[in-house]
Amino acid sequence: MISYVARRLLQSVLILVGISVVTFVLLYLLPADPARQIAGRSATAETVANIRTQLGLDLPFHEQYLRYAKGLLQGDLGRSYLQKTEVSTLIASRLPASLLLMAGAITCELVLGLAMGLIAALKRGSAVDNGLMLASFVGVSAPQFVIGIMMLYVFSVVLGWFPIGGYGTFSHLVLPSLTLGILGAGWYARMMRSSMIDVLRQDYIRTARSKGLKGRTVLFRHALPNAVLPVIAMIGIDIGLFMSGIVVVESVFGWPGIGQLAWQAIQRVDIPIIMGVTLVSACAIVIGNLVADLIAPFIDPRIKLR
Amino acid sequence: MKKFLLSGVAAFALAMTLAPVAGAQEIKQGGSMIVTYKDDVSTLDPAIGYDWQNWSMIKSLFDGLMDYEPGTATLTKDLAEDYTISDDGKVYTFTLRKGVKFHNGREMTADDVKYSLDRVTDPKTQSPGAGFFASIKGYDAMSGGSATTLEGVTVVDPQTVKIELTRPDATFLHVMALNFSFVVPKEAVEEHGADFGKHPVGTGAFKLGEWTLGQKLVFERNTDYWNAGLPKLDQIIFEVGQEPVVALLRLQNGEVDIAGDGIPPAKFLEVKDDPAYSKLIVEGGQLHTGYLTMKTTMKPFDDVKVRQAVNMAINKERIVRIINGRAVPANQPLPPTMPAYDKTYEGYPYDVEGAKKLLTDAGYADGFETELYVYNTDPNPRIAQAIQQDLAAIGIKAEIKALAQANVIAAGGEPDQAPMVWSGGMAWIADFPDPSNFYGPILGCAGAVKGGWNWAYYCNKDLDERAVAADSIVDPAKAGEREEAWRAIYMDIMKDAPWAPIFNEQRFTMRSERLGGPDAIFVDPVHIPVHYDQVYAKDVQ
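For the protein sequence lines, the chains are A and B, in the order given. Note that full-length UniProt numbering has the first sequence beginning at 1, numbered continuously upward. Note that full-length UniProt numbering has the second sequence beginning at 1, numbered continuously upward.
Please note that the accuracy of each hint is not assured.
Partner residues aside, some chain A positions facing chain B, computed with beta carbon under 7 Å [what the hints assert, rightly or not]:
| # | residue |
| --- | --- |
| 1 | P31 |
| 2 | G40 |
| 3 | A43 |
| 4 | A45 |
| 5 | R94 |
| 6 | I164 |
| 7 | G165 |
| 8 | T169 |
| 9 | S171 |
| 10 | G254 |
No farther apart than 27 Å at their CA atoms in a straight line, the calculated lysine-lysine pairs in the DSS-like style are these [said to hold, decoys possible]:
| # | chain 1 | residue 1 | chain 2 | residue 2 |
| --- | --- | --- | --- | --- |
| 11 | B | K299 | B | K401 |
| 12 | B | K357 | B | K299 |
| 13 | A | K70 | B | K124 |
| 14 | A | K84 | B | K186 |
| 15 | B | K495 | B | K272 |
| 16 | B | K90 | B | K461 |
| 17 | B | K279 | B | K538 |
| 18 | B | K198 | B | K162 |
| 19 | A | K84 | B | K450 |
| 20 | B | K305 | B | K356 |
| 21 | B | K90 | B | K77 |
| 22 | B | K137 | B | K478 |
| 23 | A | K84 | B | K124 |
| 24 | B | K450 | B | K401 |
| 25 | B | K198 | A | K84 |
| 26 | B | K299 | A | K84 |
| 27 | B | K356 | B | K495 |
| 28 | B | K114 | B | K90 |
To be clear, the hints were calculated from the coordinates, so they are not data collected in a lab. A quick note: this is a predicted structure, and the numbers were derived from the prediction, not measured. Just so it is clear, CB atoms sit at the ideal spot from N, CA and C, and this is done for glycine as well.
Looking at chain A on its own, in the form it has when it is part of the complex:
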């Protein structure tokens, strides 16, 4: 177990180093010149050259990377070219909003997904089953941008139940959480349905039934825990899904998280922010996967770590 954890940790570190190099290379290859962006359209060639020197953009690639990596090891993500603030400050100020949104999305996808999957499994083959599976299919395939705008229009503008975007109260959280959670809910509904159908076929369920236990007891005491556990173990992997989802959802709902920060930075080629957000989300995904793998054997004893 300990050697497994050590190996996985080492792997994770290597993955993160790899990601930092690849991202840096990709951004370095961009034909846009950050010094020119900072200097603006009225600057003289002299001003631009000056800024390039101050930022170290005139150094060869490997020196630029080493400079960045050195800062990184000291916890310094650099300074945004255009926002004129430390990248770590910007990310720290926005991370709580993103975490809150993810918590909301996890709640939505679990409640919605598990309930839909459970009902579909119990009513297998019926119109209800078909309807729910169609809905989950739409949830999985519809672009989040479209879902978000539709939710805003229906629930905020027409019905007036929720505020039109923004951040602050519980009611602000509902629609973006739903939008971000719907994709996962679709997956969970499908997984829960097949997992439940599997479990219901098992011998111990038949035994429980033949003992004369009530249908509800069989379902909630024997079937559900066994069907739910493998599904729950997937949450860690969802983090990757969320990281791409928040870029869209936060922009639509005006949610002040790191997804919105990344989106603005990408549009304006603010390389230090793009690097910073990429690294933070890569960390989150790597940790999420690691945790998911490590807790799997506790949830399902049939899984062994090797």
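For chain A, the structure is supplied; the task is to place chain B on it using the hints.
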């Protein structure tokens, strides 16, 4: 220039009389408004801020020696109580207004003016506007790093500052009205260092109350403001990170007062044709031209006949229809609201046969293949497609390259890439209302360098000399002569046809019903998008 000034004043006077409340003195101060923007506010440092959203915010937090009459492009004195210009046009002496206080309570003096100009031209500040001050004596030593103070700026006494120039510069008073010249207090800049932009201290009508990164900024009224009666509001709340479509929905719902990024193209007709909203929309001109550049250093655009043929091939009316009439067709580089615009010039006609004939004369009877670079956000790719179809009609096959803004700009600045660029979304909006501002970086030799903004790489030494000569005419009595000189320069550019000017964008600002003020301040040519100091709240009247 003179004629333009008069018409501007007249328009403002008219707007004032049409306003629901007759005089400024009758308007009660108070109330607040909410303004939304999509992008976060990067900085409120006047030496650095150069974005759509922070430009006007900075104007409300800080003041410069000069400003413009609200709603017009007419220069007026601001922190300067008075000024004199020497006969040779090289020495400007400003007398400062007495009793002007910074938000920290200290009185502003001539030392602050000098400090601010030294700071903006210091390469360490990385100001995108440093180049505007190039005519001040000692600028080269500053930008070269061999001096730490501008030799040409002298503090005569606490109320007087003298600025010497190396050459007469007719645009200098405009430069003194630019955000980059705004006065900052040394002690506050030094206290916050690189974070001054997040802790701005100025002399302006508003002061920064609170700033939650990525969410909102609150401006509070500066109760000590020297210009009594301003600002008219007690508070402005800026909410950032809101998509224009969502901002519009909130505006329609009465939750916000101004959508700072304007009406999104997709919703434009719907809102404009709805009587409930159309009365809330103010339309105004903008110092903007959208143009198609042709790289004069690349074949076949090195041939003037080919460039003229392109000018004649494009159906500008159709392009204006494509963007729902949010612009007027253009035939010259300057927009119609700019002094020196030539009203009598008819431009190249839309004439497909004539264009084909020119191409044949140039030896391209069968046309040729080329590339058209365009910024990849709506409506620019659609406009590029229209241009592509028009060019195809005369045999030119243009492949569209739709890229991110920074990439288009980078390719445009190379002498052997991006043979054609459609400027939409990156186009020139004047920094100040003067014809010279449309020349240097985008049509002059100085901009025709790697990484420059002269994407046609058009360099005409004779015109460069005439531009310098025109800007040396500083005597206000000879303003007409200067305007005539600039008009002739732009007309000669059109003969060479490095661009095909396509349209001048109009501005449409939608405001909530509870905001008051003359229409002109909602489409102010300088305080973009609106003049925050002048807006008042009807619900406190």
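Results for each hint:
1. About 4 Å separates the beta-carbon of A:P31 from the nearest beta-carbon of chain B, less than 7 Å, and the hint is met.
2. With 7 Å as the threshold, the beta carbon of A:G40 comes within range of chain B, its nearest partner Cβ sitting at about 3 Å, so the hint holds.
3. The criterion of a C-beta within 7 Å of any C-beta in chain B is met by A:A43, whose closest approach is roughly 5 Å, and the hint holds.
4. Against a cut-off of 7 Å between C-beta atoms, the interface hint on A:A45 holds, since the closest Cβ of chain B lies about 6 Å away.
5. This hint holds: A:R94 has a C-beta 5 Å from the nearest C-beta of chain B, less than the 7 Å allowed.
6. Against a cut-off of 7 Å between C-beta atoms, the interface hint on A:I164 holds, since the closest Cβ of chain B lies about 5 Å away.
7. Interface hint status for A:G165: upheld, as the beta-carbon distance to the closest one in chain B is roughly 5 Å, under 7 Å.
8. Hint status for A:T169: violated, given a least beta-carbon distance of 13 Å to chain B, over 7 Å.
9. For A:S171, the interface hint is violated, the least distance from its beta-carbon to any beta-carbon of chain B being 14 Å, above 7 Å.
10. For A:G254, the interface hint holds, since its Cβ comes within 7 Å of a Cβ in chain B; the closest pair sits about 4 Å apart.
11. With a C-alpha separation of about 18 Å, the suggested pair B:K299 and B:K401 falls inside the 27 Å cut-off, and the hint holds.
12. For the suggested pair B:K357 and B:K299, the alpha carbons sit about 18 Å apart, so the restraint of at most 27 Å is met.
13. For the hint linking A:K70 to B:K124, the alpha-carbon distance of about 23 Å falls within 27 Å, and the restraint holds.
14. The suggested pairing of A:K84 with B:K186 holds, with an alpha-carbon distance near 19 Å, which does not exceed 27 Å.
15. The suggested pairing of B:K495 with B:K272 is violated, with an alpha-carbon distance near 38 Å, which exceeds 27 Å.
16. With a C-alpha separation of about 24 Å, the suggested pairing of B:K90 with B:K461 holds against the 27 Å cut-off.
17. For a cut-off of 27 Å, the pair hint linking B:K279 to B:K538 stands: about 16 Å separates their Cα positions.
18. Note on B:K198 and B:K162: the hinted pairing is violated, with a Cα-Cα distance of about 31 Å set against a maximum of 27 Å.
19. Taken as a hint, the A:K84 and B:K450 pair is honoured in the structure, with Cα atoms around 26 Å apart against an allowance of 27 Å.
20. A threshold of 27 Å between alpha carbons decides the hint, and for B:K305 with B:K356 the separation of about 10 Å falls inside it, so the pair holds.
21. For the proposed pair B:K90 and B:K77, the alpha carbon gap of about 19 Å is at most 27 Å, so the pair holds.
22. For the hint pairing B:K137 with B:K478, the CA-to-CA distance comes to about 24 Å; that is within 27 Å, so the pair holds.
23. For the hint pairing A:K84 with B:K124, the CA-to-CA distance comes to about 13 Å; that is within 27 Å, so the pair holds.
24. For a cut-off of 27 Å, the pair hint linking B:K450 to B:K401 stands: about 20 Å separates their Cα positions.
25. Between B:K198 and A:K84 the CA atoms are separated by roughly 9 Å; this keeps the pair inside 27 Å, and the hint holds.
26. Taking the CA atoms of B:K299 and A:K84, the gap is about 42 Å. The hint is violated against a cut of 27 Å.
27. Restraint check for B:K356 and B:K495: satisfied, since their Cα atoms lie roughly 18 Å apart, inside the 27 Å limit.
28. Pair hint B:K114 plus B:K90 holds up; C-alpha atoms about 17 Å apart against a cutoff of 27 Å.
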